[in-house]
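J.: Chain A is fixed; fit chains B, C, D, E and F onto it per the hints.
Protein chains: 6
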Amino acid sequence: MFMRIDRLQAELPQPKKPNPNAAAALQELLGGKYGEMSTLGNYMFQSFNFRNREKLKPFYGLVSTIFSEELGHVELVSHGVSMLNNGPGNPKEDVDISKAPFEEMQDIRLAGSFFSYGGGAAPVNSNSMSWNVDMVTTTGNLIMDLLHNFHLECGARLHKLRVYETLKEPTGREVCGYLLVRGSVHAHAYALALKKLTGVAIEQMLPTPNIPLANIPECQKYLDEGSHRRLYRFGSPDYAEVAGVWSNDEVALPGDPPGALEVVDGPPDGGQMADLMGNYGAFAPDYAPEEMFEIAKKLYKKSR
Amino acid sequence: MFMRIDRLQAELPQPKKPNPNAAAALQELLGGKYGEMSTLGNYMFQSFNFRNREKLKPFYGLVSTIFSEELGHVELVSHGVSMLNNGPGNPKEDVDISKAPFEEMQDIRLAGSFFSYGGGAAPVNSNSMSWNVDMVTTTGNLIMDLLHNFHLECGARLHKLRVYETLKEPTGREVCGYLLVRGSVHAHAYALALKKLTGVAIEQMLPTPNIPLANIPECQKYLDEGSHRRLYRFGSPDYAEVAGVWSNDEVALPGDPPGALEVVDGPPDGGQMADLMGNYGAFAPDYAPEEMFEIAKKLYKKSR
Amino acid sequence: MFMRIDRLQAELPQPKKPNPNAAAALQELLGGKYGEMSTLGNYMFQSFNFRNREKLKPFYGLVSTIFSEELGHVELVSHGVSMLNNGPGNPKEDVDISKAPFEEMQDIRLAGSFFSYGGGAAPVNSNSMSWNVDMVTTTGNLIMDLLHNFHLECGARLHKLRVYETLKEPTGREVCGYLLVRGSVHAHAYALALKKLTGVAIEQMLPTPNIPLANIPECQKYLDEGSHRRLYRFGSPDYAEVAGVWSNDEVALPGDPPGALEVVDGPPDGGQMADLMGNYGAFAPDYAPEEMFEIAKKLYKKSR
Amino acid sequence: MFMRIDRLQAELPQPKKPNPNAAAALQELLGGKYGEMSTLGNYMFQSFNFRNREKLKPFYGLVSTIFSEELGHVELVSHGVSMLNNGPGNPKEDVDISKAPFEEMQDIRLAGSFFSYGGGAAPVNSNSMSWNVDMVTTTGNLIMDLLHNFHLECGARLHKLRVYETLKEPTGREVCGYLLVRGSVHAHAYALALKKLTGVAIEQMLPTPNIPLANIPECQKYLDEGSHRRLYRFGSPDYAEVAGVWSNDEVALPGDPPGALEVVDGPPDGGQMADLMGNYGAFAPDYAPEEMFEIAKKLYKKSR
Amino acid sequence: MFMRIDRLQAELPQPKKPNPNAAAALQELLGGKYGEMSTLGNYMFQSFNFRNREKLKPFYGLVSTIFSEELGHVELVSHGVSMLNNGPGNPKEDVDISKAPFEEMQDIRLAGSFFSYGGGAAPVNSNSMSWNVDMVTTTGNLIMDLLHNFHLECGARLHKLRVYETLKEPTGREVCGYLLVRGSVHAHAYALALKKLTGVAIEQMLPTPNIPLANIPECQKYLDEGSHRRLYRFGSPDYAEVAGVWSNDEVALPGDPPGALEVVDGPPDGGQMADLMGNYGAFAPDYAPEEMFEIAKKLYKKSR
Amino acid sequence: MFMRIDRLQAELPQPKKPNPNAAAALQELLGGKYGEMSTLGNYMFQSFNFRNREKLKPFYGLVSTIFSEELGHVELVSHGVSMLNNGPGNPKEDVDISKAPFEEMQDIRLAGSFFSYGGGAAPVNSNSMSWNVDMVTTTGNLIMDLLHNFHLECGARLHKLRVYETLKEPTGREVCGYLLVRGSVHAHAYALALKKLTGVAIEQMLPTPNIPLANIPECQKYLDEGSHRRLYRFGSPDYAEVAGVWSNDEVALPGDPPGALEVVDGPPDGGQMADLMGNYGAFAPDYAPEEMFEIAKKLYKKSR
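Residue numbers (this note's numbering), protein chains in the order written: chain A, 1 to 304; chain B, 305 to 608; chain C, 609 to 912; chain D, 913 to 1216; chain E, 1217 to 1520; chain F, 1521 to 1824.
Here chain A stands alone, though its shape is the one from the complex:
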């Protein structure tokens, strides 16, 4: 079972205006083969399908707590996409829809995201291809699954870096900055799990690609707070046994700020979700939503 906390893992700056092609770039990090739907889907099904959970607790806990964190990553990128597609929103009433008010949407890269999702996020990549089962590996063989996950996180890092390199506005850059730090933790964690099981010091392959997080200004504050050394337990008091893998014996990767690895009991503080204003002219939440707001207000009062 899962409990949601109504906060994002990181706070995202509101974009000043819509930037649908930047949103489309972020979609690669959401629904691409090496995106967050994939990290989520892989670890989720590996966790559900895990055999000998009791005998392999530290590894079960590792896959499980990272899976829970990935849910929050899907949430974070989705918010980024939604904010970038719509900008601050547009609660203008009485838009004259006969004047082609969204003419420019014809020329954005993924026009269908406007037509179908009203600018919201969906599980597709930056070319609008759907996420699907071919992006999931859940063999039940522990070494194979961990190795796959290690490779997946390295691939995810590469994709985040490339998406980052195309973005100028702060919302998307912040998404990348945060995910780069957390993805590095996950790559590191899977590497340590493999090392414990096989003796191979595979964490020495990191970072892949060969560029330190320090080159990315948006990563700095997360490095400063030690996020790169922390594995959060998104399932307190469960999963404490991940400390067997991500423990004090192990330290930060050479290129990152030094320090011991630590398991944190619970999630990070995270940040507030930006309030996504409506876009009435695009029928989100509807064309003339005043009555809707009135009803909601009454229901809200009644619920208190």
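Be aware that one or more of the hints could be misleading.
In silico BS3-like pairs for lysine-lysine, Cα to Cα no more than 27 Å straight-line [stated by the list, open to error]:
id: 1; chain 1: C; residue 1: 829; chain 2: A; residue 2: 99
id: 2; chain 1: A; residue 1: 195; chain 2: F; residue 2: 1716
id: 3; chain 1: E; residue 1: 1412; chain 2: F; residue 2: 1612
These are calculated hints, taken from the structure and not from any lab test.
T.: For chains B, C, D, E and F alone, kept in the frame of chain A given last:
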């Protein structure tokens, strides 16, 4: 952000022996168009893309808390699939793999689920077609999205009923029994949301299909405990405002045990996950896992 | 069996010049999840799979006659796409193909539609994703199928509105205007069918989204002629029994011009198909088609 | 625009009992690459995208009238699938759904067709893969499109033959017998069109595969009535000009009963649709449909 | 078994600067339904599945040697794509990735090709849809497969022509020029095979579309060297028996430079592969590859 | 460019009778995510997209020569599938197709493989899902691509083992035995490449899964001949520089017969292709192929 509780929403009886075709039937409820990946995917992206959250809190809360519950449904069906495919597991060591020990896997309906997932669950339907974005509706228009969700839950109920009608063994039947009760709550909840917003008493269409839950023995204990009248808040203390929709003014559907609807603060008790034993001959978690278990044991101790 | 009448349901103005991105937008209404291929595919298979046709004649007739109309909608949108992609056509002979005469096609949103379809329509959405079976619901349960159809028509209306909001030129706007009126009839009709069967006044949810057709100038002439109150029987003398659902007891929706609903015996007059001139430089119908035209002329004469 | 006549092109014998694997075989002829959805989809979009219709009337008419006939083929195969999956139907009331009344559905080849379509037809092939745009060729180049169509009909004939070779019961065999005769006409017609345009006597490649229709008893009555020499105009009085291609100058293929080719004004007589009884235990049209039937009866009376 | 020769079938000029939309156009010729992955995939599986190889040697040899050539076509187009996406490469070290150095990649048609493939080629079409099994016909019926192949080559020619018509820069034009000549040979060869087997002079349908290669300057040098009359045996000394089909009795097509057809023992000379420089800022082969180069150098020396 | 040698890499015993479900199991090794189409597709595009080929010769050569070998693996598995589906073939003439001669094909797991491919192989997995671009990783980042390849080979080994465990008849077992040995070489080779580049002794993770090849009798003869220590250069005299990676410094994996690694100049001897007899009743190569054989014989003579 999301916290995982390491329990299932319902306790599932361990099957006595593998039943891969029953597992394949359950896959329809996992990865089919009207399965749990769809309810999850739809409500998740609707929640992430929700506009005017503040002004529409009771509706945002409704979609969001049901989405969180759906995660647990995906978890539940996945466990059912995994248990049915492998039965109680088979920790036999030194399986002679040259003797075609899994010959019978050639003839199960979805042989690929053995080859690729070792009998684990994956986001595909009962014919092995992948779940994908075409099963997601997240338009941003509140009425449209709620109407879609209402239709989705009715379709999900029909599919659960048909899958149930093919199952003889208890694991899969329990999955269906539990999900039928909870799915009815969700259909009811979306109906009430639509009624509040439009004045249309659409909950009077329920139950669809036209058969009461009372006809299904496996639903009985959940009805007895009042599960059909409860909306759990998987996100305490958030989402309390769903009481505006699912509140004491409203009562259980006519065919179900009577009583007032209630919002429960937190998740249900749920049940313990069955321990999924390994299947060493199928390399899950591996062929000769003793050393692996030793390592895990040491790491576990170290983590205490 | 089906008979074709060589006219469109509405007459479309010829565009003055090609506008491939507008054509790409229209593709959403052709091959998208909520497009005309979907309304066609859903009602077609529901009609073919219909059980107890005799006992449920008014409902069988309803699904069947709307399905037949949808064929004409697919035809209409396809013509719109084809006209917009190619403009009035370009029968220039002796195009020097070595001079990159279609260089600009490299930058249109869906360049593949030029390469593969020569600018013609195809069953894909505005992002070029294929229409497929995941967009078809045909459960055989009558309430479920009708409810699905009602939701589908509401979704279709939303998509038509958003596409319309991106279009400046008249061909595509006319397609949207016509389809919006007819789609409203279908939503209304499915609502009435559900009301007859369940007692729920679900038609009061209309219009969804919450904007009257009167806001769309291109709808006006169709409203004036009462199209919004008419259900055509595309299968005379069959399907007369749809009058049981769409009958004089029922009237137009509140926001539309008032009047009684009526079943029309036969199709609307419709309009002439625009003659789609060739585009010889793009090999449609071929590079040097004169001889082809000669042959066709002789065969035509012979056929008289 | 299209008018539906509520009859099948051929009358199908009711199967005595359900035969889902035979239905699954027929699905190849419905949703496979060389199935009827493909012939429909190809000719439909070719017809809608046709350029220089006026100058190429006999060819436009040919593609268009065959497209209209294909709609009836999709209808015919769909009925075959639906009849085979459900047999004569099962209007038993009060099925005890807790007794696994559909246990055997777990082991049929395409179990999902029971769960999702209640045994109805859907646009998928015999392995449940969806029909999609990759099965559509509509280039706008007339020679290319006709050549594609000729190859498509030859492939369709091969698939029909192979499906036929697996079927023992009469419903599916009748479907194959009828379609083989009509498919031969279409192959022949496209061959003649190519011959008129290019001078190549490509009809001499027929029949492909190299076996005469006479070897198939189910074809005999259609050959006797001359169906193999007739092109129906599903769109009277339009498309008369196809006589320029399929005319009296041309005669039946050598292996078939001799005679002149002829264009028939209007559709064939066809046969009655079998009444598909409900399957109440499978919720089609619903579990307890009596009230539904009552309502329908009243509405029907009212419509007279 | 297959041996690779490290040369391209034709030498491609290096583009002066990146042109991603031109690369995206070329993708149609790589992963589209009528692209080189399709010709490869069709002939490959037809060759592997060929029955009665011994008795049908000339036809087996024909399909097999053309399949081997197609591998080189996939190679050639892939190089074209890769060169166009990246231009001459950019081995700049110390790119400041925080300055959005690839901002323009956000707006290219297929941005995902930058994120995922670093500008490399992949088996997708010009709209990024994946190549897949629906593009493969391998029925085992010889006439059917050959007829399919003939139609496939005609379709491929049309697509090459249209792609060519959008290209201004020399790299892509050279790819098209070369492939047009070789594709014409394949269409011709399949036509002759069909003629030998059925007596139908189907090669008289060529060229389709109706435009001679002479209209394309980039074809000229290949015509001059007689490439259009040559079938290479990519599998010496095997496949000599293709001379039974492509023999001296047969001559070049009327519109092409005259001469006897000839079977060449071995591959063409081909051209050198352009050296694809790295793009370090895009992490290809990596951000700071100097050490990598050093290691490779040492290993290379050791290997001598 | 590529030259084909008309031999298989290993000789396969002819099956005594058809075994379509065994063939379907082998399809996982052909078109599955971890099958030979994937190893082929990944290394092929990585090789074509390789940047700084000159500076990274040993690594370019490694990917390239393994890619060439994979072509032969696709060939080998395809032959296995084709042989198993059809058994020794059935050249019976005058099969009475009206007697349902292939009735049993209705019940095989992937009936579509009979209808569409006549029992031949196709790029689909064991559940008939198509191979596609989501199974290709070609990032251009050398470490990432090699790491992916290492994980891919481990996954491939697991899948081969599981397929092997379901097979009783010798044809499929031989395919598995051979591929297991060669796949181990590839995993080992990619591990060494990574070790040279990163210093991480990742080859110590092998074998994954944790079972030695010695447990598989079918591997024995290949181990005896030292195949596990050999990297063949499928591209002589090119790619000699792979000796920098797979050189005499390195030795066989601990569990395998000991010895130095060696690069072999050219392909292995391989084995003869079994002659696949026709299946005339299934129209492969056709129903009455005698004339076809006659023609081929004459053409063959003429070619000498």
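J.: Does each hint fit the structure? Answer for all of them.
T.: Okay, the hints, checked on the actual structure:
The suggested pairing of residue 829 of chain C with residue 99 of chain A holds, with an alpha-carbon distance near 18 Å, which does not exceed 27 Å. Restraint check for residue 195 of chain A and residue 1716 of chain F: the C-alpha separation of about 19 Å stays at or below 27 Å, so the hint holds. About 25 Å separates the Cα atoms of residue 1412 of chain E and residue 1612 of chain F, which keeps this hinted pair within 27 Å; it holds.
In terms of the numbered hints stated before, the structure departs from none.
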